[in-house]
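Okay, here's what each chain looks like letter by letter:
4 protein chains.
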Amino acid sequence: MVPRYTRPVMAAIWAPENRYRIWFEIEALACEAMADYGAIPKEAARTIRTNGDAAMAAFSDADIARIDEIEATTRHDVIAFLTWLAEKVGPDSRFVHLGMTSSDVLDTCFSVQLKQAADLLLEDLDMLLAALRARAFEHKYTLTIGRSHAIHAEPTSFGLKLAGHYAEFARNRERLVAARAEIATCAISGAVGTFAHVDPRVETFVAERLGLAAEPVSTQVIPRDRHAAFFCTLAVIASGIERLATEVRHLQRSEVREAEEFFHPGQKGSSAMPHKRNPVLSENLTGLARLVRSHAIPALENVALWHERDISHSSVERNIGPDATIGLDFALARLSGMMEKLVVYPEQMLANMESLGGVVHSGEVLLALARSGISREDAYRIVQHNAMATWTNLGKPGGRTFRENLDADPDVAGRVPADVLDAAFDARMHLGALDHVFTRVFGEAGPAA
Amino acid sequence: MVPRYTRPVMAAIWAPENRYRIWFEIEALACEAMADYGAIPKEAARTIRTNGDAAMAAFSDADIARIDEIEATTRHDVIAFLTWLAEKVGPDSRFVHLGMTSSDVLDTCFSVQLKQAADLLLEDLDMLLAALRARAFEHKYTLTIGRSHAIHAEPTSFGLKLAGHYAEFARNRERLVAARAEIATCAISGAVGTFAHVDPRVETFVAERLGLAAEPVSTQVIPRDRHAAFFCTLAVIASGIERLATEVRHLQRSEVREAEEFFHPGQKGSSAMPHKRNPVLSENLTGLARLVRSHAIPALENVALWHERDISHSSVERNIGPDATIGLDFALARLSGMMEKLVVYPEQMLANMESLGGVVHSGEVLLALARSGISREDAYRIVQHNAMATWTNLGKPGGRTFRENLDADPDVAGRVPADVLDAAFDARMHLGALDHVFTRVFGEAGPAA
Amino acid sequence: MVPRYTRPVMAAIWAPENRYRIWFEIEALACEAMADYGAIPKEAARTIRTNGDAAMAAFSDADIARIDEIEATTRHDVIAFLTWLAEKVGPDSRFVHLGMTSSDVLDTCFSVQLKQAADLLLEDLDMLLAALRARAFEHKYTLTIGRSHAIHAEPTSFGLKLAGHYAEFARNRERLVAARAEIATCAISGAVGTFAHVDPRVETFVAERLGLAAEPVSTQVIPRDRHAAFFCTLAVIASGIERLATEVRHLQRSEVREAEEFFHPGQKGSSAMPHKRNPVLSENLTGLARLVRSHAIPALENVALWHERDISHSSVERNIGPDATIGLDFALARLSGMMEKLVVYPEQMLANMESLGGVVHSGEVLLALARSGISREDAYRIVQHNAMATWTNLGKPGGRTFRENLDADPDVAGRVPADVLDAAFDARMHLGALDHVFTRVFGEAGPAA
Amino acid sequence: MVPRYTRPVMAAIWAPENRYRIWFEIEALACEAMADYGAIPKEAARTIRTNGDAAMAAFSDADIARIDEIEATTRHDVIAFLTWLAEKVGPDSRFVHLGMTSSDVLDTCFSVQLKQAADLLLEDLDMLLAALRARAFEHKYTLTIGRSHAIHAEPTSFGLKLAGHYAEFARNRERLVAARAEIATCAISGAVGTFAHVDPRVETFVAERLGLAAEPVSTQVIPRDRHAAFFCTLAVIASGIERLATEVRHLQRSEVREAEEFFHPGQKGSSAMPHKRNPVLSENLTGLARLVRSHAIPALENVALWHERDISHSSVERNIGPDATIGLDFALARLSGMMEKLVVYPEQMLANMESLGGVVHSGEVLLALARSGISREDAYRIVQHNAMATWTNLGKPGGRTFRENLDADPDVAGRVPADVLDAAFDARMHLGALDHVFTRVFGEAGPAA
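Chains as they are written, first to last, in the numbering used here: chain A, 7 to 455; chain B, 7 to 455; chain C, 7 to 455; chain D, 7 to 455.
No incorrect hints appear here.
Reference listing, derived: stretches of chain C covered by chain B, where coverage requires no fewer than 3 residues with Cβ under 8 Å from a Cβ of chain B:
#, segment
1, 7–21
2, 282–291
3, 303–314
FYI, nobody ran anything at the bench for these hints, they're computed from the structure.
Where is the CB? At the ideal position from N, CA and C, for every residue including glycine.
Between the sequences and the hints, there should be enough to build the whole structure, so can you do that?
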């Protein structure tokens, strides 16, 4: 992920320093476990811990350079690290990594990093949920037109729209919690997962200390269906971001103007057109969603590793591990800020709602007619006729509103009393179930209008 | 999905008859709910139920043709169905679908169909799990070589391999249970989800009767993040199928021949080469996995519908709904049968395991050397030297086994006693943790060897 | 692809009858080639041709059933067909398929089918191009607002918009011609492509008669990079369909209403809202584009077949072969009709263009100011100030148009003469390069305004 | 793309310095064009060129920091660059970018970068083609077993296998040449592509100087179908890499060992198993192929920008532009080196070929039997019977070779003379068409065996 779309807090999880820190922790914990049951001297485990902790505390770019230098010869990253560690730990380093295989370290480390990333993403989601909740209650009674097919349908409330996005991100949060559990496992089972040279107690010990579950069956590696499920979950969340971003892009378009992203003083919308205020954040989020979504495919292709493992997954994960989590973290943080500061124009919402001459109230009129005793087909025909007449002459001289057309139609006037029509044309009738829905979503209806 | 890869039991879920049956059930239940709280006459609800049930009981291709005929004019499938229903129900049909919108029916029906499909897939998974469990216990102590990078690594057991696949499909079962819950929701909330013309009690009633949850916020439609999560789950399962299929394809290759798909009498492997017995089932499963996986992408793209809904998701779902579930059902059923009948060759497994002159036992030798007091680097150098000498001269005149080379190397012989080497070369040492792993996976270790 | 999105003319290409017809043609041609150079008796080749042609002329569902019946035993489709053919041809059938392998027939047949499909798609593209060309010239001088970020930018012409889509589909046509050439190859090279049992002259002969190129190196199969490139091309075309469909969906939205899909008499937009006229065709096209696009992924995954071939590609292609071509054919045909009949509202385009108080003319004002000698930064600041003032008070009492604001600003009035401003506010200034662009795209500028 | 998989030469194309250099070149050329036809003073164009060239020659990290600093305020990258350029050029900078829009610069620059990247990739392909050609001729007559379904089929030559990969990459080269032409276009057409404020002669001039074609219709942006086609082409090439990498992975597996990646002295295959020599390069290439392939999806999703453009494509392209080209460049370079140095074991190839008791010669035996006058079905039955007998008893005491079984079968011995069987069992019969194929692929057959 390019720096432009990277927050330092997530980037730090994927920095070499964090990786080496986790590698050391795994090795040190494994030594402590082995010392526990007498496989290696307790004194050695203590030395490894003490000297290693000191080395990690003093860890600098020089250490990274040294490890890289060793890897240039060994062409193996874990062996390079262990060689460096031996230089720091001294002779007791011969007890490090005993009976383990590289993947024990690499895969367990990747689990820790993904767990750290998931924790950060959960924080992001909480921020976003808080923003959406606040704006949903703020606009619970803000009338706006609901649209299907981008055509005016019936009135709704802007708060209800936001409640829907809140509910989606609440689901996304649950999915991420499940996905975090998917990848939070530890494998220290040796070359092909048989524990031939390392006691299962090591795995149990390390897993517990790192807040991971022990992987039931690892085959040198942690099975990649877990990671596939994780990246698919990120893809689902990204798609939710795209949905909300798309909504804002629509609301901000020149002909709609019901809401706008906050426009910073000094910001320039266009090098040629000074009047432009563009929904660039939500457009950017749309693109980021495409990126994060695309990472699901190689993650799925990574599942079918050959036999007990091949290493084809590695280059994929070295990229999509950081890219997907950094991209999603950035997008969620950007979306939170955008929704917090979103400028909403309730008057414009009302104006748009009424701009079609009142045909958006046709649904209730249809029901009123049906209740008057005629068939649904006849009612539909009458309402459509009047709606079309309104629509066709909208804004033209002599064009009548839907209500005026209905009042002039004996098929209607003779059947539906004026006060029933009045009620059908009162947009507030669409707000009646808000308490019901808000309670379902937020656990409370909030203050009355 | 072409008929070749279709099982009738899953196809029936997606047949027009099942769809219309569910549509009617939703409409009839909604009427009963409305009658309950007095919105429509109780007698009307009863008539609708009685006449509708009769019509559905007598439902035939002629009814489908009639509905198609109406749709050719109305260009709207739900209206066409309601018109047909009115012909069957009589005048009380004017109480059907009151205050509802087409998506109330369409989306809730899709939920029911996906739930039915998920139930069938869960049965498939149970069959597969049973087959894998049986074969895993059968081969718990069948020694075979573990391979990383498709290179011999260390011995393992064939049962342990199968236990790993069992564990993956057990996870897939859990994921599918979660995915089933994702899509098992009901929405009857009207044109833009405000319940303006239909009481929330209708939704609650219908949901309960159909075994669904009420959708917290629907916006004419059930939000598509649910379906995206569902199809992503199918993609993860498909990838697990590919992993097991790939394993079998490898095991059956001419040079390995450790297992083979059952070969039917009369089956012809090739029109030109009569000796061929090809792993066509597992290859076929590999292709089916690609198909099912590909459906995740449009499902994710479906999430960002415009405003309260657009209908772009519909053409996608009309295809991937059946295709993904039919394809996965067929694949799981095929895989179950294939694993049940898989022909396993334990002697060939042993022969392959020993074919590299014993270098596969190098890991334990390395540890034995390290335990003798020399540094890990020195131990590694000594072992690699002897392993490479074995490897290079494998099968050549004068080529020695790994054990012979070690015995001839004073760096080894002086440090590691013969009985320790004997133990290191006994493949059964790799089976020691089987009980531990089997108990984690299956809840029991099974009978001793 | 479900029948709803299937045109019979494309479905026929993928029907069993067409496949068997092509299989027979390949076998018959191969026999004629072998007879030519004396590998089999000329009389046998004639008998095979005569009896086979008769059998194909009389081909019916009963033949398909018979072939299926044989395949149920042999589990091999080509052998089943050859057995059926032998029943029709008689003893000379022993000269059929001599030295060939199933893939020689299957792959060459798939090439013929894809070529037939590509020809139909090229016809579809020609229809679409004709429709776009006609509408582009019709609306060459129809002023409309150009939008970036869905925000009004500067005036353009509706014909220019359409010219852009024409140019894209003209590129798509070129891509499809190239993709057709990619897959139009013939392989008759035997079990692993060595021509061990079949003379290369057979391949040359059959290729020429079928209008195919001989595949330079086949390895039992035609290499799948060709098919991957083909399906990727369909995905690119599908994305172009989505772009145009998205444009129409935007133009039809209630607040824009610059164009509408043709609405059939009798069509019902909504079961609840009789006034609705929804852009259902373009929404449907958006969904179909997602489907066709999704087929690119498994086609790409099909490339890396194992060794000289495995059969994992087969189940993929049995589905995406028909699905992608049928889906794209349907979508292109639908799009052609939609664009032919698209209802365009030039007055609404003008009204929308002027709805922002004239700020859409700010670009030329900026240049006029810059030409007056002040720095670009100062000019930008002055223009943005006035544009923002216009924007902020748009539609409010006392709100002034952009021109009024400029006229009242001494920074402008003192620098730019009124006639220069008049010219800057004349939208026709944006039409000056139309002849240049139309000539590039269509080869002619067309009649003057 | 992480540094581990990045070659500096490709990274340089995507470095900020190169981007700014191209931006300046576009602006300077545009000024020169405008000066040509008198839109701005010739002297100004000269000053801009001279001062700008000097600034770019002295360009350093300090300049990047300055531009970043300005962008922090303006939030617009092109305006930030122009402001920096003004600081360097002086007052004549007011003639820079006159009548142009940011995308004129951004999109044309992206075209130049992609063209540079394509040129590098073409060089990579040429290196790879040279390596494949050399190895193909080297091993033209190296016998090896051809495999379908990973089951031994018939003999072929290792050179023929490589020729097939050569032919695929030759096609990939042609595709890349076409894809390079797709994206090598220039757009300088203003805010919505109407050339309202900039003369088309500017575009023509700049395009010619940069070696680009003028974009027929741009709509502020160059249409993204071009880029989609470009990234799809990279995905097809990546899939070809995967195919060759998969072949090598198979050949190197322990049971096959027909070829091996070169193993560097000092390289460690495993931290636990010193004997391991793993095909890590080809496994790595498999993963990189997944990555590059995944970029096609967001590129396709980028096509349907809204109206004259939205900016959702930008974040996608900022990532996949570098990632896909850097990843593919690295992969191609790695693959070239790998194939150059691939260690081939012809003796092992022969040994494997004969390891199935000769059943791989069954195809020619079948034909010989068929030629003897019996039906194909009978011939097939006889051959399959003997092949199965061979197969079943392979390696068992008393197991006979296929030839021995045939010799003992009166159905064969009575029909096919021994010398005909001898010929059928001579693997060299499979090499007869090599000259034909090599001439098709390489334009020459090469020296005789």
